[in-house]
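2 protein chains.
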Amino acid sequence: MSPAPFADRLAALVEERQSQLCLGLDPDPSRLDPSSTTPEGSAAERAGHAVADHCRWLIGRAGPACVAAKPQLACFERLGAPGWAALERTVTAAREAGLLVIADGKRGDVPISAAAYAQALFGSTPTPWGDVAGLGADAATVNPLAGADSLEPLLEGAAEANAGLFVLVRTSNPGAADLLDLPAPEAPLFELVAGLVAERADRLMGECGLSGLGAVVGATEPRHLSRLRALMPRSIFLVPGLGPQGGRAADLGAAFGEHPASVLVTASRSIADAPDPAAAASELRAELWALARG
Amino acid sequence: MSPAPFADRLAALVEERQSQLCLGLDPDPSRLDPSSTTPEGSAAERAGHAVADHCRWLIGRAGPACVAAKPQLACFERLGAPGWAALERTVTAAREAGLLVIADGKRGDVPISAAAYAQALFGSTPTPWGDVAGLGADAATVNPLAGADSLEPLLEGAAEANAGLFVLVRTSNPGAADLLDLPAPEAPLFELVAGLVAERADRLMGECGLSGLGAVVGATEPRHLSRLRALMPRSIFLVPGLGPQGGRAADLGAAFGEHPASVLVTASRSIADAPDPAAAASELRAELWALARG
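For the record, the sequence lines run as chains A and B. To convert, note that position 148 of the first sequence is 147 in numbering that gives the first Met the number 0; the numbers rise steadily by one, no gaps. To convert, note that position 261 of the second sequence is 260 in numbering that gives the first Met the number 0; the numbers rise steadily by one, no gaps.
It should be emphasised that the hints constitute simulated quantities derived from the structure, not laboratory data. It should be emphasised that the depicted structure is a prediction, and the values quoted were computed from it without experimental measurement. For glycine and all other residues, C-beta sits at the position ideal for the given N, C-alpha and C. Treat the hints with care, since some could be wrong.
Computed beta-carbon distance windows for the label pairs [unchecked claim]:
no.: 1; chain 1: B; residue 1: Gly194; chain 2: A; residue 2: Ala3; range: 42 to 48 Å
no.: 2; chain 1: B; residue 1: Ala289; chain 2: A; residue 2: Glu39; range: 55 to 61 Å
no.: 3; chain 1: B; residue 1: Gly245; chain 2: A; residue 2: Pro182; range: 30 to 36 Å
no.: 4; chain 1: A; residue 1: Glu198; chain 2: B; residue 2: Glu14; range: 47 to 53 Å
Please put together the full structure from these sequences, using the hints given.
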């Protein structure tokens with residue numbers, strides 16, 4: 000039986016856990032505990048094991064206050080094949096903790112390659128020896144620069160798997176101003192990207208009224224939030240940039256639509272680096288939930 | 000001893016082999032020969048082995064007419080950890096055939112994640128069990144949507160490794176018109192991206208006068224080529240879109256600068272699907288070389 004649409008699965012979890020929090024998993028192998036127990040093997044294999052164990056530990060602590068986990072693919076890829084195996088173990092651990100998994104790889108390419116990314120993220124790949132399952136992510140972040148036809152195979156793959164997509168609309172880094180804020184020619188580029196998203200939102204619509212065709216919208220420029228919400232009324236916003244990047248939870252009110260699951264806030268370092276990750280996640284969960292009720 | 004800058008290594012190979020051809024490696028596991036000899040294992044492991052063997056075979060046939068190989072990361076990622084291992088074997092095979100390796104993943108993210116991609120592509124990652132080497136690519140394709148600060152860690156990583164970067168300036172798919180061709184507000188967005196590249200070209204400059212900070216420029220809209228060459232006089236252009244995508248080698252004259260290594264043309268299916276890949280590559284090599292001699 001195929002799962003419910005991503006938007007509906009998220010909406011149910013948000014209500015159940017009274018949380019809009021997404022646990023960012025950006026493991027830094029240089030900060031692993033050298034006394035971690037790992038099987039014998041190469042440095043990459045040992046680090047891969049320790050990374051997966053660390054992510055499982057963090058999910059165990061902070062996961063109950065969250066509805067989703069967002070592994071940053073770059074952090075795993077840098078360990079090669081053992082890093083990819085650690086990513087797969089981390090996806091399993093997140094799933095076992097009842098979390099939705101958002102693969103954060105910002106993939107995007109011309110259609111034929113985008114179709115291969117869709118197989119890697121949501122689908123499977125036929126081979127003469129049987130189908131090879133991809134990551135099995137519930138959603139993924141994607142880069143729209145190459146245009147609508149480059150998003151299409153990802154959208155098709157997501158629709159088939161009842162998964163979600165978060166299109167980069169306005170990232171949280173200062174450099175986002177360089178291209179995304181350009182007038183192109185009347186409205187900023189990010190508003191045009193928002194239009195691409197809104198036009199296709201019905202393709203991943205859930206029964207809860209939210210679309211799994213969402214948008215990455217940084218917390219660092221809250222002045223854009225009400226405009227983006229007006230442009231994408233049905234889309235779930237994935238909001239990075241809290242804490243170390245300078246965004247503040249209190250400024251996110253305008254990002255919320257009517258549904259409490261209309262915003263998913265990601266936090267990585269502010270949870271992972273806290274003396275007590277469980278307490279840090281709980282506190283942020285409560286702050287966001289109060290804001291959404293606001 | 001650190002290698003010469005990417006631009007100089009490429010320039011030397013282009014002269015030596017009289018070739019501007021880059022072999023695109025986009026292996027499709029569904030088309031593998033089911034009678035391929037693979038070690039026992041899971042479908043993913045068997046397909047990974049067969050993919051690496053196929054790429055090595057193709058490199059053996061077509062490689063001598065080429066100067067670089069460009070593995071499409073999506074095609075390997077869809078096989079999970081065994082796919083990443085196949086990618087590593089393919090990089091080794093390309094290197095053994097004397098080819099430069101361009102990792103085609105179109106990566107791009109906020110600075111902290113871009114730094115992790117730089118480690119994965121060009122550098123290494125420190126761990127308590129020793130440094131873990133990344134892919135060791137000679138160059139990589141990157142996505143500039145998140146702005147200049149998102150390119151910076153990749154540029155730093157490339158400079159340290161004397162590697163190259165190819166920034167997506169104007170992709171070869173029809174959808175490229177959706178964002179990259181927008182007036183933003185006076186010039187098209189892709190011209191502004193070209194400006195980002197040109198301003199930083201000296202960071203990866205070789206003694207040959209070419210910069211390893213290059214640009215992906217599709218063959219499908221040759222009317223843009225002379226403008227892009229004027230905007231980025233020193234950059235190496237990586238040109239996809241020949242053959243099945245509709246671009247024609249004969250239209251690429253305006254892409255060339257003074258140096259014969261100023262253009263690198265990628266061909267994937269038109270070589271891999273030819274009855275005789277070696278002959279197909281040789282023919283295309285000769286056509287391009289004649290064009291460059293203009």
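These are the hints, each one checked on the structure:
For the hinted restraint 42 to 48 Å between B/Gly194 and A/Ala3, the CB-CB distance of approximately 46 Å keeps it satisfied. Under the hint 55 to 61 Å, the C-beta atoms of B/Ala289 and A/Glu39, about 56 Å apart, fit the expected range. Between B/Gly245 and A/Pro182 the CB atoms are about 32 Å apart, so this pair conforms to the stated range of 30 to 36 Å. Distance hint for A/Glu198 and B/Glu14: a CB-CB separation of about 49 Å, consistent with the stated range 47 to 53 Å.
Hint check: no violations occur; every hint is consistent with the structure.
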